[in-house]
Amino acid sequence: MEDLRKKLLTCEERLTYLSHIKAGDEWGNIAGLRENLLTLRDSFYDLAPEKITTKVKSLEEGLHFLETRCEENLTPMERVRIVRSPLRFSLKDILENVYEDYTELGGAEETNIDPSMVAAKANILRRAKNKNFTQQVMVIGQEKGHGEEYRNGGSCKPWGNEKALRYMQVAQTEGIPIHFYIFTPGSFPIEDYPGAAQQIARNIYTMTKLRVPLISMISEGGSGGAEAIGLSDFRLMCSHGYYSVISPEGAAAIEGKIREGGKVPAELIESCAERLHITARDNLKLGTIDRIIEENPLGAKHDDFSFFKKLRYEVMRATDEVVLKTKSLRAFRAYELKLEKSGESVMDEPQIDISWDLNEDEIKRLLQRRSKKYRQMAKDSYGGRTANLTSFMQRLKNNTSKAYYSFRYDILRSQQKQVKQVIKDVSGESSVFFKQLTAPFSAAYDFIIRKTDGKNVKLPVSGGYGDALEFGDTYTSPLANEDRTVTCPNSEKYGCKDLWVPDLYGEFCGVCENCGHHFPLEYQWYLKHLLDRNSIREFNRTISAGNPLSSPGFEKRLQEAIRKTKRHSAIITLEARVMGVEIVIAMLYSNFRNGTVGAAEGEKFAQACEKAKLKRRPFLAYIHTTGGIRIQEGTLGVVQMPKCTMAVREYVDSGGLYIVVYDNNSYAGPVASFLGCSHYQFAIRSSRIGFAGPRVIRETTGSDIPPDYHSARNALKRGHIQGIWDRRDFRRNLHKALHTMGGRNLYYR
Amino acid sequence: MKEKVLIANRGEIAIRIAEACQSLGLDFVLVYTGADEDSEHVRRYLDSKSNKNRAWRISNYTDPNDILSVADYTKCTAIHPGYGFFSEDFRFARRVTIRNRPLTFIGPKWEVIKDLGDKINTKRVANKLGIPTIPGTDAPIYNEIEAEAIAENILEKQEIQGIAEPSVLVKAAAGGGGMGIEEVLQPEQFRRVYRQIQNYAKRQFGDGGVLIEQCLRDYNHLEVQLVCSRHNERVYFGTRNCTIQSTGRQKRVEAAPGFDSSCFSYDFDPDDVLNKIVQYSLKLADHVKYDNVGTWEWIVARDGSPYLLEVNTRIQVENDVSARISYLKKKHPNLIREQIRLALGDKMGYSQKKIKFKGACIELRVVAEDTRRGFQPWIGTISRFDFPRHDWSAVYTHVPFDRPYVIPSDYDPNLALAIVWGADVDEAKERGRRFLNEVVIEGENGKGEPILTNIPYLKDNIDNLLRF
Amino acid sequence: MDDSYVNEILAQYRADPYGYVDSHTIHTGSINFYVKKDEKVEGVSGEWRHISGTKLYSLHREGNDKPVFSRSSGIVSSIRTDLEGKFVEAGEKVITIRYPLKKREIIEKILRRVLVPFKAPERAKYFFSLDIQSRIDKFGHRSVAVKPGDEILTMSLMKRDTPIYYQGEPGIIHSVYFQPGITMEQDEPLIGICPAEKLPVIQKVINRVKAEWE
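Protein chains in written order, with the working numbering: chain A, 1 to 749; chain B, 750 to 1217; chain C, 1218 to 1431.
None of these hints come from the bench; they were simulated from the model.
Don't take each hint at face value.
As the list claims (entries may be wrong) - Using 25 Å as the maximum straight-line C-alpha spacing, the simulated SDA-like pairs for lysine to any residue come out as follows:
hint : chain 1 : residue 1 : chain 2 : residue 2
1    : C       : K1310     : B       : K863
2    : A       : K497      : C       : D1378
3    : B       : K1000     : B       : K1196
4    : B       : K863      : A       : G553
5    : B       : K1196     : C       : P1406
6    : A       : K497      : C       : T1371
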């Protein structure tokens, strides 16, 4: 009898779970089953045991039927609901069931700097040749809990992400791998120090070159929050999880232009979830993850022990793979062969003893592989890339350029005579090693000397679409061509008079003469007033934004943006001079899809970093406006965050100077990665910088924010940026910055 | 089309412009602020009961939007800025002229206001034309070594000239109004002062440019009154001397002509110097194609060397001082009337030869202020106000004679301009004293204290006119 | 202060428990009204007073249509509809809003007769001195104590700024009656100072009004 009661209870649980996935009882025969179940429960003691047994059995069968149907046709939105179920396994369940033993760090349960982020030192058990070994790893991940309020649903505060960063660095010090577990709907969008966006940016920046193997597993990968601990050498994803650029509800609210507080139709959310390509299979296809871990039908719950066993196998195998690939390809092949031999028993741990320690060379290879992995991401998701032959020529040219620039600035910096002497001295040595070293050196040196003699040697500058950005001698904003006045938004506070538009947008450079408020200006104004006359050379103009996920209706909007701006992406990359100093600039601008970043923008940004690195130019990211990651590109957009940050990191590590200047509005993904990671961030007056806009903040945190919450002034107060620049002083300040900040390896140092 | 003038100013000048318009047969409109409601310039033209009122209440004399909206609504075709406020604001002049419903700006064309409004630029142009300016730089200096060489050079030249205490001024190029100026007497001090000013300029104006020029001490301050038309005609209406100024360079006493041998025995030929500065002024005016009234300000050192200081591209408060020593067909001209007429496109109608100069004239600015306490403005109510009437004097005021008047605290406490003239300087001085003795001003402030005016100060200074 | 005095004042406000706010045009322009007589209007609201009130009228001048919003909630008690669509001068009274007085305002009005006033020495514009202003910004004006000789205000008169030193009983700045940059008539109270020993009396009045006024 007791047994039957338990079975009945389980049935009820399963039914509730099913109706949670289906968001109601309307689907299939859920309602009927529920009715049966309720009558059975109410009349449990009135019926004969046999009768109950049959009834329970038929109930179980009915349930099983429904569950199977449901699993067969799981929609993306249903997966989202599975992931959000309080029954789903959480990080604590993993720590208890996958690892042998663990010690939580930086807080315990509710007593915690941020209970939604858990860090733990854990041991994982490995059996080889019938012996047991334990291996240490650092486990870091969001803890959703099973409905506890203080876990905040795995939505981390900025200091939670900061905690994660701290323990990543501990792992690096100790030389142990890190296992990241991603269970987050997104980061908590508050600006308090260290700041949601800025902290995520710092995490990504650090992870790009963290000197230990990084393995991540995604159950719920909500955009920026996921990236805070998501950059890794091997990305696993649970079969029923989701990984997305934005919550389907958020996407639907944008897509349907739903007013705040208004109801978003369920069908729209459903179709948005579809369009965003958020499932494990989608992501594997897009190349944003490396492998899928199969879960039980309808997703693994906190008590599905077989799943934990599988998970243990998968994370160990992933760690082994990462480690082995740094050693040699042959070692990795042998490992795979062994795995194959063990045949069906894939579920067992590999019976191989592999040390997860890496030596210096291996770490170097680890980082190289990581760099390459991210550099390749979303490579096929934009249009207008140069044809194979030209790109080969480009590579060739780049290689020559590299030699050229390293000579030009490393060697020629000192006296030419001296250099000649050194080379002669070195060449005098008979050692083969020195010969190898000096041979290309001398050749390149000759090449440069010939060039400086004024013979017709063409400088290896990147070619193509030269002077497309040049304007006539005077540039006045087209906004100035109207005889009318406008009210300064601060007029009540500071008594500003109405401004006459031709004065405002002409001579005043869009600045209120009384209070200094900056009215927005088009990006062309900056090109004209920031950069030296006739110094602009745009590159990669043809790389064009695409619609890689074939998002319905997006193609048309994209074409509209192209027609309107006569450009192919939301970013302009160019080389130019600022008061005589050659710099590389990447500029996100508002007119093209609100300056959102997708695969094309990311690629252009990364290439700009590479160009700046190659030519030893300072690198300026001027953000006229960015609305975040382009949601129509799904996770292909999201991976631009680590991809571009990787490019930035490599540029900065090479001794460059990376300056970010925000203008107008800069929000979300880009700020939380390749912009926010800059050591030198400035804002133009009256601009706004932040992670999420006011509406998203209200909707996720439930509280309102003051109107100036994201103002540059507050960003400066919170320590997110280093200074606020007046637009009219931009050029002068930038020039000063170029000379006073960073960059041991810049060409003019 | 019949012209209609909007008078964008207050006080006595608004009245003078209105009267000039009336004498030209032009319709006109005035504006005023709430604080000026009791001013004569409003009361005389305000008839709030009918719709024909000529005075319109605006928020502020410095809000171009209100002024232009009244101009449009009342169908004005021209704007007279008076002095102060918008008179030398090239942006206002530009806006008035290039807006969709353009108006005539009664003043020089905006390009000229812009070019001559920039003192450094004026100096550069003058130097190019061979017009003497105060020895020193005519462009901002950014380099310390260069600056030092210039300073040494200026000091040396003063020594050669036998100047008692040679010194140079170091100024922030972007500054003005006496801020960021330091004097250097010893070459050794220069570097320290230069750096100090440069840092100040960088901090304050974002530009470290510095100007260096000779510091002149013993000098007279002269003005040349030019009147030009839109048709390339340029004449002058003599010179004035405004050496006596209150602190903050507010003029209180001014006289014409610029020098007179009866007052002082100059080390130079005064007529020759006056003629020189007039000719130089005309030369610059010709060069920039100056096309309305303007005043060329000059410094004349004790040895008679003139230096161009700046150009005021507007009608000046003291214009009538020049008019009262000038005769056109045996009558005093009215320069405001000339200004309006010429700005609206008239031809001059006479040449320099027709302008005769005779006698002397003194202007006394009566201000409610405490001359012994740094010319601090006095605030209160005027209960009785009267001036003598003579055929050798004129009074311009917005203070009513027939009712008490509260001095508005928003503006300068100027009460009246008194002009007296005579056959020679001595007579003018004598009449000036007599005039001041006959003036009646009574009033008291909130504490019951009697009104303070600068009349005693004016009396004391009449004797010092046109002297070194 | 005795109770009968307070009673008298309270009775006075009971008879006409309304406050009136006039809206004057801030500048010239042609006016268009967006409310009617007796219409209910909302004032500024929101935690940071960032949500503007009901749009009362707009002034169109030089191509700029400037909306004017109600600052207080209440009823439009008078409106110059005769001006609709016409050109108006600056400073024209166009709308009056009537609103029921709040407890806070009644208290403020009574306190105005109780606190030690510091009066305007001249008809001029006044600002708090930099030091006092920064303390007010930080702690709120009720936490700022003043004593004779303190430089508390800057008087802006004839383009000159003159420091004003406090004279009178020491105490805290309980009420502020002036707005920076707005001309105050001579002898108008600028601030109300509450000496320490008077605090209990004032508290009594406040409690009384709070209890009796609904």
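Hint check results:
1. Between K1310 of chain C and K863 of chain B, the direct Cα distance comes to roughly 39 Å. Violation of the 25 Å bound is thereby established for this hinted pair.
2. Proximity of K497 of chain A to D1378 of chain C is assessed by CA-CA distance (about 22 Å); at most 25 Å being required, the pair is judged to hold.
3. The suggested pairing of K1000 of chain B with K1196 of chain B is violated, with an alpha-carbon distance near 29 Å, which exceeds 25 Å.
4. Under the criterion of a C-alpha separation no larger than 25 Å, the hint pairing K863 of chain B with G553 of chain A is inconsistent with the structure, at around 54 Å.
5. For the given pair, K1196 of chain B sits about 16 Å from P1406 of chain C by alpha-carbon distance, which is consistent with the 25 Å threshold.
6. For the given pair, K497 of chain A sits about 24 Å from T1371 of chain C by alpha-carbon distance, which is consistent with the 25 Å threshold.
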